[in-house]
Amino acid sequence: MNSIQKNRLKDQLFKYWGIACTLIGLVLLVLFIGDILIDGISRIDWAFITDLPSRKAEKSGIYTALMGSIWILLLTTIIAVPVGVAAGVYLEEYSKKNRLSAILEINISNLAGVPSIIYGLLGLEVFVRIMSLGASVLAGALTLSLLILPIIIVATREAVKAVPKSIRDASYALGASKWQTIWYQLLPASGGGILTGVILALSRAVGETAPLIVVGALAYVPFAPSNPLDEFSVLPIQIFNWISRPQHGFIENAAAAIIILLLITFVMNGIAVYFRNKWQKKWK
Amino acid sequence: MRRIKELIIEKSLLSSALITIAVTVGIILVLAIEAVSFFKEVSIFDFFTDTQWTPLFTDKHYGILPLLSGTLLTSFIAISVALPIGLSISIYLSEYAPKSFRKTIKPLLELLAAVPTVVYGFFALIVVTPFLQQFMPNLSGFNSLSAGIVMGIMIIPFISSLSEDALYAVPKDLREASYGMGATKFQTAFKVVVPAASSGIIVSIILAISRAIGETMIVAIAAGQQPRLTLDPTVPVETITAFIIQVSLGDVQHGSIEYKTIFAAGITLFAFTFLLNTISYQIRKKYQEKYE
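Chains as they are written, first to last, in my numbering: chain A, 1 to 284; chain B, 1 to 292.
This is chain A alone, in the form it adopts within the complex (with noise of 0.2 angstroms):
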């Protein structure tokens, strides 16, 4: 063999190991989803959808912490949405190119690489303890809402920037002022990649447990919360305690609830996609 050969060779071997490389990750997901399925599935009814949780496995459900869910995920959007995108409409549109907007984007980049777990510290101090909201799902929003903040940034600046720079020059043209053009023309032309990133920060935040566990979200509440300051668990949580229990029984019901936050993330992700894909499309 010589040495052309021998570099073609290694061409094709690479190429395969590429392809395997690609595939093993893919591979594994489904392989561990099915798994799951299997154990789980069998598990999900009606029953274990608005049943309470129990100390029998056969008789738990995942009503509280689907409820706890949907209200992290309510307030969360309430407070980080309107924060993320005024401070990503601000260093995009606004800020200059000085010392200020030099510190807040490093600053943001390195937040965005925090660990979720100093989140639930920073959360606990604060919010449960200084401002005496408690473990309440309250707080937990507001921990989650800064975790998010960043990605909701990010998202709402490149979202921004990719609007052309001839629509705002139309609008000012017709004397619009900074603002007017912002509300009326940049931000429903980014809506679809402000979209985007709010639904991937909040996929996100559905799938987070540290932090939560951190501020002190109960891994069994009787009641789902009624108003804000309630006490709560989140399916994560819920999860977790109980892989964390020896009876089969229960593993059975963590496959299962496993099986609905996946359902939940991915559909979520799948939105995000869709959105992203018909948004892509405009400006080309």
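Hints are computed from structural coordinates only; laboratory data are not their basis. Among these hints, one or two may not hold up.
[As the list claims (entries may be wrong)] Pairwise CB distance ranges (calculated):
1. B:G182 - A:N277: 38 to 46 angstroms
2. B:K11 - A:S132: 53 to 61 angstroms
3. B:D232 - A:Q280: 45 to 53 angstroms
4. A:A173 - B:P107: 35 to 43 angstroms
5. A:D169 - B:L29: 39 to 47 angstroms
6. A:A173 - B:K172: 53 to 61 angstroms
7. B:M181 - A:K165: 35 to 43 angstroms
8. A:I106 - B:D232: 35 to 43 angstroms
Everything numeric in this text was worked out from a predicted model, so none of it was measured. Heads up, the beta-carbon is just placed ideally off N, CA and C, and yes, glycines get one too.
Given chain A, work out where chain B should sit, using these hints.
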């Protein structure tokens, strides 16, 4: 009137942006204040040199080393899994794969990072550990090996996605010059494109390490809760993050030494990830200037 309205809007948008600074300051203050009051009761010297971490026992020891070794061990295993696979994926997708394949596979790979970590913890404990025990009968039910492997699978997309962006951004001229010399794709990829994109690849690796160090649920579920200064991947260990979870699950009174330990552990974790993130940011800044 209009000018005042515009000004008010600008200032309120600015205040939203400033919240992010408040968050950083808040994190540092909270961690520092609680950690300072922790170090009033425990000497810093013991914290870094004692080889036992037993704050929840009657014979209390506060040596962070066992938690650090647990954290570094699981992260090391995760990176050893994610790095070769993630890099191969990025090179394959950017240099070999047809465009349509690349477009469909990227969002699918990113799904790996979208799966909640508690689900990965379940995989590690219920699926991977029993599977590995068939070949390694000595493997304990909780161990850093399966937690690390599963965490590695989770962070594959962090490495593959960012590295692929870096590789893809390398100008076409470089590749064409290499092909013109008669090089194969393999030679072009490894001798021209990868070196040209090296800063971007390094950034992706650093971010993946930082992610692995801060990962919580997988290790809390599958690696165990026994702080232990060891490099043996088959026995239970405890990471910094898993310790914080363990304490948070119990009923801890504010102001007690147990309460303060989670902040002392937290500031150690924060220092590590902050350092890694800052390094990666600096590299990224330099690298952007190079191509734009």
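*Can you list which hints this structure breaks, lowest number first?*
Those not satisfied are hints 2 and 6.
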